[in-house]
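Chains as they are written, first to last, in the numbering used here: chain A, 1 to 454; chain B, 1 to 217.
These are computed hints drawn from the structure, not numbers from a lab.
One or more hints might be untrue.
As the list claims (entries may be wrong) - Derived lysine to any residue pairs resembling SDA-like cross-links, with alpha carbons at most 25 Å apart:
(1) B/Lys81 <-> A/Met233
(2) B/Lys87 <-> A/His235
(3) B/Lys2 <-> B/Glu41
(4) B/Lys17 <-> A/Asp232
(5) A/Lys266 <-> B/Arg18
(6) B/Lys57 <-> A/Ile439
(7) A/Lys253 <-> B/Asp97
(8) A/Lys374 <-> A/Lys326
(9) B/Lys87 <-> A/Lys274
(10) A/Lys253 <-> B/Ala83
(11) B/Lys200 <-> B/Asn149
(12) B/Lys57 <-> A/Leu395
(13) A/Lys266 <-> B/Asn32
(14) B/Lys57 <-> A/Ser242
(15) B/Lys17 <-> A/Arg261
(16) A/Lys360 <-> B/Asn32
(17) A/Lys262 <-> B/Asn32
(18) A/Lys270 <-> B/Glu22
(19) A/Lys274 <-> B/Glu22
Claimed, not checked - Derived Cβ-Cβ restraints for the label pairs, each shown as a range:
(20) B/Ala83 <-> A/Lys278: 26 to 32 Å
(21) B/Arg165 <-> A/Ser242: 41 to 47 Å
(22) A/Leu395 <-> B/Val189: 48 to 54 Å
(23) B/Leu91 <-> A/Asn238: 49 to 55 Å
(24) A/Phe436 <-> B/Val189: 33 to 39 Å
(25) B/Ala152 <-> A/Leu273: 23 to 29 Å
(26) A/Asp281 <-> B/Glu21: 40 to 46 Å
(27) A/Asn238 <-> B/Glu21: 55 to 61 Å
(28) B/Glu21 <-> A/Ile234: 38 to 44 Å
In this text the structure is predicted, and so the values were computed from the model without any measurement.
In this text, a Cβ means the ideal position worked out from N, Cα and C, and glycines have one as well.
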Amino acid sequence: MNNKENLKKIVLWWLGTFIALILIVFNTIFYQTLKYSFYDRVKNSLILVSHNIKDNFTPPSINKIVTIPSKLDYPISPVMIAVFGSKNMKIIAKSITFMDINLGKYIKENQEFLIVHNKRYGKIAIYIIKIVAPIKGYIVVATPLYRIDLKLQDIFIKMIILNPILLILLLLGANMILDRVLNPIKEITKAANEISVGDLDRIIPIPLQNDEIKDLVLAFNSMVIRLRNGIDMIHRFNSDVSHELRTPLTVLKGEIQLALRKDRDKEYYKDVLKKSLKEIDYMIDMVEEMLMFSKIDSEVEQKENLNLDELLLKVVSKLSFKAKHKNLKIEFEKIEPIKIKSNPFLINAIFINIIDNAIKYSKENGVIKISLYKDDGNIIFEVMDTGVGIKKEDLEHLTERFYRSDISRNRDIKGFGLGLSIVKKALDTIDGKIKFDSILGKGTIVTIKIKDKK
Amino acid sequence: MKLLVIEDDEAILSLLKRGLEEEGMVVDTAANGEDGEYLAEVNHYDIIILDWMLPEKSGIDILKDLRSKDIKTPVLMLTAKDAMENKLEGLNEGADDYLTKPFNFDELIARINAIYRRSALKGSDKIVIDDIEVDFESKLVKKNGEIVNLTAKEFEFLEFLLANRGSLVSTEMIQDQLWNSEEFVNSNVIQVIVYRLRNKLGKDLIKSKRNMGYFIE
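Turn these sequences into a full structure, and let the hints guide you.
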């Protein structure tokens, strides 16, 4: 929760700083532009007045200061006008609005337009033009800027007041938008917190708006569904396992209970122990197959250079005692030396389970033919048996976990329906395929194709 | 009491047969669904013990078909399926009881006896006729308050006649009930049992009709 609030604070802080900087820069530019445009207008007015004076000025004949009448139609007022003779820089004419400012000293500055600061009247704009006729001299027009400055000051104060208000309003708006953005995230967090392993049926309601939040929700929901599938698979596996364990446990429990109901002779107890041992062996085999099944996942990474033909021979010699037991003949039809970089555990699991199945489902005195060769970039491993065969309706279920056909339900044939799912899982891992061709009662050919990645 | 056990696992089937026979029950067996259903249709059984997952035909399908054919033999489902929905399905389809594997043998026998009392003996576990008292629960028979020792077959015979009290039971029916289908039965055996029972319990209890059968009033 703290993190979420921090996120909002950080965004607002950066946004506030950014907007404030923009406002300062923008307002400064605006204020300065305004100021210069005001001053420019004053300058233009002064030029206008000065030219007007220049055109209409008649110099006095006597050595007396004449009064220049101020016209009402001047674009600015008050305007101070003075004409200086260039001889001694003395005023020869001035308007009645002329205030006691020594304008003469600014003529020396050699500038047409200048703004000076007077202690009494504040800022004053001055425009100076030179005249040569009818006399040599200067016309100086000036006007105080206090009105404009007051206006500018007023604008400046308004800016100082309005800008923070604008900033605050923007931040409030941003706050609202952030809340709208962050609330769905809050909802997601809440929903995510409520979802537990035991309760994966929940999904987060999908928002109406088609935006990134919706993408997030969809991604989250699909993750939950994937998790649910994974957990369902584990549940199913557990329930399959416990179900498969029930049969041997039923026999064990029943036989022992029955034996204990009354006194029995020695042979009876021996028989019960033998039966119990058989069931325990069955359970041990089952646990081993289950371990093999779950180990496949962790075996993907390790790859070694393998001689497939050697591995196959090892597996066959390991299983040959089982074949002898049923008086089966194992023949190699075609064995090529094949080198491959793959995982030995997976390859072994494939060889063992396929050959073991062939032995299990073979009738006595049967023949098992094994081939291993390369064909068109694929490694082919083929096992043909003269066994009981597979029913058509069973074919597609063969690699399902704990699936056992009616024939294989007979527990004289040891097996739990995990063997072929182990093979399937191993083949999926190393990019291989399995195919069954079978005639019921005659036998089965299992063909395994593995891509030979050099 | 005559039972049919339908169970595909050989070890469990053998266990059930031995255990139930030790209890004096007569047990027929079937190792797949179709055989089991056939036996249930052609023979009379007091109870059928039915597994769920069977080759050829599943236990639940057998149960449905039996009930649809109006065969009302009590069925006890004995299965590894322990989910509540399975139990409900089994009971709703007409099973009389449901027991999950691995089961307790004593519990199985107690449940079989309970079903038998409910169906064949109509709920009673004791029947008194004049001075004779038959307790089906403890399998004890008393005459004038004193215990009379009966063999398992003698008790079975008496129990069967009492379950069909008031109606005539033929020797074929008795033969079917007291022995399983693979046993060879000499017809004299039934006469011997009747003779012994009459000796132990008095002449008037078991009545006979010549060449037709026996009954208890």
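We went through each hint and held it up to the structure:
Distance check on the hinted pair: B/Lys81 and A/Met233 sit about 18 Å apart at the alpha-carbon level, within 25 Å; holds. Between the alpha carbons of B/Lys87 and A/His235 the distance comes to roughly 20 Å, so the proposed pair stays at or under 25 Å and holds. Restraint check for B/Lys2 and B/Glu41: the C-alpha separation of about 14 Å stays at or below 25 Å, so the hint holds. For the hint linking B/Lys17 to A/Asp232, the alpha-carbon distance of about 38 Å lies beyond 25 Å, and the restraint is violated.
The straight-line distance between the Cα atoms of A/Lys266 and B/Arg18 is roughly 17 Å, inside the 25 Å bound, and the hint therefore holds. Our distance criterion of 25 Å between C-alpha atoms is met by B/Lys57 and A/Ile439, whose separation comes to about 22 Å. Restraint check for A/Lys253 and B/Asp97: the C-alpha separation of about 21 Å stays at or below 25 Å, so the hint holds. For a cut-off of 25 Å, the pair hint linking A/Lys374 to A/Lys326 is broken: about 31 Å separates their Cα positions.
For the proposed pair B/Lys87 and A/Lys274, the alpha carbon gap of about 33 Å is over 25 Å, so the pair is violated. With a C-alpha separation of about 21 Å, the suggested pair A/Lys253 and B/Ala83 falls inside the 25 Å cut-off, and the hint holds. Distance restraint check for B/Lys200 and B/Asn149: the Cα-Cα separation of roughly 8 Å lies within the 25 Å cut-off, and the hinted pair is therefore satisfied. With a C-alpha separation of about 19 Å, the suggested pair B/Lys57 and A/Leu395 falls inside the 25 Å cut-off, and the hint holds.
A C-alpha spacing of about 33 Å is found between A/Lys266 and B/Asn32, which places the hinted pair above 25 Å, so the restraint is violated. For the hint pairing B/Lys57 with A/Ser242, the CA-to-CA distance comes to about 23 Å; that is within 25 Å, so the pair holds. Distance restraint check for B/Lys17 and A/Arg261: the Cα-Cα separation of roughly 15 Å lies within the 25 Å cut-off, and the hinted pair is therefore satisfied. The hinted pair formed by A/Lys360 and B/Asn32 meets the criterion: a straight-line CA distance of about 21 Å does not exceed 25 Å.
For the hint pairing A/Lys262 with B/Asn32, the CA-to-CA distance comes to about 31 Å; that exceeds 25 Å, so the pair is violated. For the suggested pair A/Lys270 and B/Glu22, the alpha carbons sit about 19 Å apart, so the restraint of at most 25 Å is met. Between A/Lys274 and B/Glu22, the direct Cα distance comes to roughly 21 Å. Compliance with the 25 Å bound is thereby established for this hinted pair. Between B/Ala83 and A/Lys278 the beta carbon distance is about 28 Å. The supplied range of 26 to 32 Å therefore holds.
In this structure the hint that B/Arg165 and A/Ser242 lie 41 to 47 Å apart at CB holds, the actual value being about 46 Å. With their beta carbons about 53 Å apart, A/Leu395 and B/Val189 fall inside the hinted range of 48 to 54 Å. With their beta carbons about 26 Å apart, B/Leu91 and A/Asn238 fall outside the hinted range of 49 to 55 Å. Remark: the range hint 33 to 39 Å for A/Phe436 to B/Val189 is contradicted by a beta-carbon distance near 55 Å.
Here the CB-CB span from B/Ala152 to A/Leu273 is close to 28 Å, well matched to the stated 23 to 29 Å. Between A/Asp281 and B/Glu21 the CB atoms are about 28 Å apart, so this pair departs from the stated range of 40 to 46 Å. A hinted range of 55 to 61 Å is violated for the C-beta pair A/Asn238 and B/Glu21, which are about 37 Å apart. For the pair B/Glu21 and A/Ile234, the supplied restraint of 38 to 44 Å holds, since their beta-carbon distance comes to about 43 Å.
Checked against the numbered hints given earlier, this structure breaks hints 4, 8, 9, 13, 17, 23, 24, 26 and 27; the rest are met.
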